[in-house]
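Number of protein chains: 2
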Amino acid sequence: MSSSEVKVLGAWASPFVMRARISLNIKSVDYEFLQENLGSKSELLLKSNPVHKKIPVLIHGDKAISESLVIVQYIDEVWTSSESILPSDPYDRAIARFWAAYLDEKWFPSMSKIARARGEEEKKAAIKLVQEGLVLLEDAYTKCSKGKMFFGGEKIGFLDIALGCFLGWLRVTEKAHKVKLIDEAYSPGLVKWAENFCADAAVKDVMPETDKLYEFSKVLMAKMRAPQKPA
Amino acid sequence: MSSSEVKVLGAWASPFVMRARISLNIKSVDYEFLQENLGSKSELLLKSNPVHKKIPVLIHGDKAISESLVIVQYIDEVWTSSESILPSDPYDRAIARFWAAYLDEKWFPSMSKIARARGEEEKKAAIKLVQEGLVLLEDAYTKCSKGKMFFGGEKIGFLDIALGCFLGWLRVTEKAHKVKLIDEAYSPGLVKWAENFCADAAVKDVMPETDKLYEFSKVLMAKMRAPQKPA
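Respectively, the protein sequence lines represent chains A and B. The first sequence begins at 0 in numbering that gives the first Met the number 0 and counts up by one. The second sequence begins at 0 in numbering that gives the first Met the number 0 and counts up by one.
Since the hints were made in silico from the structure, they are not lab data. Possibly wrong hints are sitting among the right ones.
No distinction is drawn between identical chains; accordingly, a pair holds when it is met within one copy or between any pair of copies.
List of simulated lysine-lysine pairs, PhoX-like, C-alpha gap at most 25 Å [claimed, not checked]:
| # | residue 1 | residue 2 |
| --- | --- | --- |
| 1 | K127 | K177 |
| 2 | K147 | K62 |
| 3 | K112 | K52 |
| 4 | K217 | K62 |
| 5 | K211 | K26 |
| 6 | K203 | K147 |
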C-alpha cells in the first residue's frame, strides 16, 4: 500500500490519533502522518471532518473517515489479509466494543477531570473514579485475556488499542499529580499488560515519551487557562 | 430460535430498547420482553449490566450484552442467515457508525434538552441545534440512500435503526413544545423516510403511539421534577 493513498490527520500527543496509527501499524500499512497545529485547523481537516472538525481523520484514497473507534474498525475491515484487530467471536466483539465505549464515555472523561479539577476535593473524587474504573478494567482484562498477554489474546486487539492509547496521558497524570493510577495493589494484571503494550512493535514508535508529553501538557494547560481572544 | 433463549430487558418507551427489538424483528428472532419498572431496577438487570445498570440488555443463553449499538451489531453478527443490518462495504459501515455515534453523542442529547430547558432562550437554542442536526442528517440520508427508501438502501439498516428509534420522542417533543422538527422545508427526504420507517414490518409493532408516549412523558417529567427522597 503506497503512502500517498493513506493519510492520517492528527497530532503526536493525541491518544485518539494513536488508535488509528497503531491499527495501521498492525496491518503493516504505510501512511503519511499530517500533523495539525495546536490552536488552528487545516483546510484539509475542516473539509474532511466538517461535522466535528476534529482529529483523527483517516484519508484512504478519496474517502475520509472520522471518529477513532470507527477508524479502527474500518482499518480492520479493509485490510483483512493481516492480523485481525476485532475478536472473531461475536460475543467477544460485543464485550470489546462495550468496554471501548465505557472508556470514551466514562473512564477517560474522569481522567481528564483530574487535571481540570478546581480544588483538592474535586481532584480526589476524579482520582477515585479513575481507580474504580481500573478495578473494573482489571476484571475485564482477566476475563478477556484468559491468562494471555493482551485483552485480545496473544496479539494486540481492539480493546488493547482503545485503552492503551491513554497510557501516555495516564503516566503524565500520575507524574503531575503525584498519584498512582495503574497499581500493583488493585490492577496487577494491567501493570504487566501496560508494559507489554508499550513494548509492542506496533506501539513503541507511536507512544509518546512521558517527559515530552509532560512538557507538552504544561503548554496545553497554560493555553487553556489563558484569557480567550474576543471573537 | 426459541424465545426462552433470547430475552430483552427493557421498557416500551425507551428508544434505545427499540433498537434491540427492531434488530431482532429484522432477523425474525423470537424473544421474551422483560419490562423494567420505572424507578426500580430488577435483580436481573443489576446482575446483567453491573457497570451501567441500564436498559437495554440482550440476554442470549448465558450471555448478557449491553449498550444498544453494541447489541445491534451483536445481533447482526450472530444471526447471519437473515437480512444484514450493517452495510457490507467497509466505508458504508464506517459512515453508518459515524452518524450513529453522532446521534447518541450530539443530536439526541440536544433533543433531550428541549424538554429540560430552563426558560425560552435555552429551549430555542436546543431546538436550533436539533434542526441544524437534521439538516446534516438530511444530507447524510441523500448520500447514503442514493434515492432508495432507507439509509441502508431498500431495507432498514444500522443507521435507520439508530435514528428511527428516536421518532416517537421526536413527535412527543413536537407536540409538547408546538414546534416542527422533521420538516418539509429543510428535511423533505427525512419526512418521507420517517413514514417508511414507521410503516416497516420490523418497526410498526414496536414504535410507541405518540399519544400514549406523550402521556407517559408527563408522568416522567413530573417524577423528575419531584423532590428526591433523602438517601
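Would you list, in rising numerical order, the hints stated earlier that this structure does not obey?
4, 5
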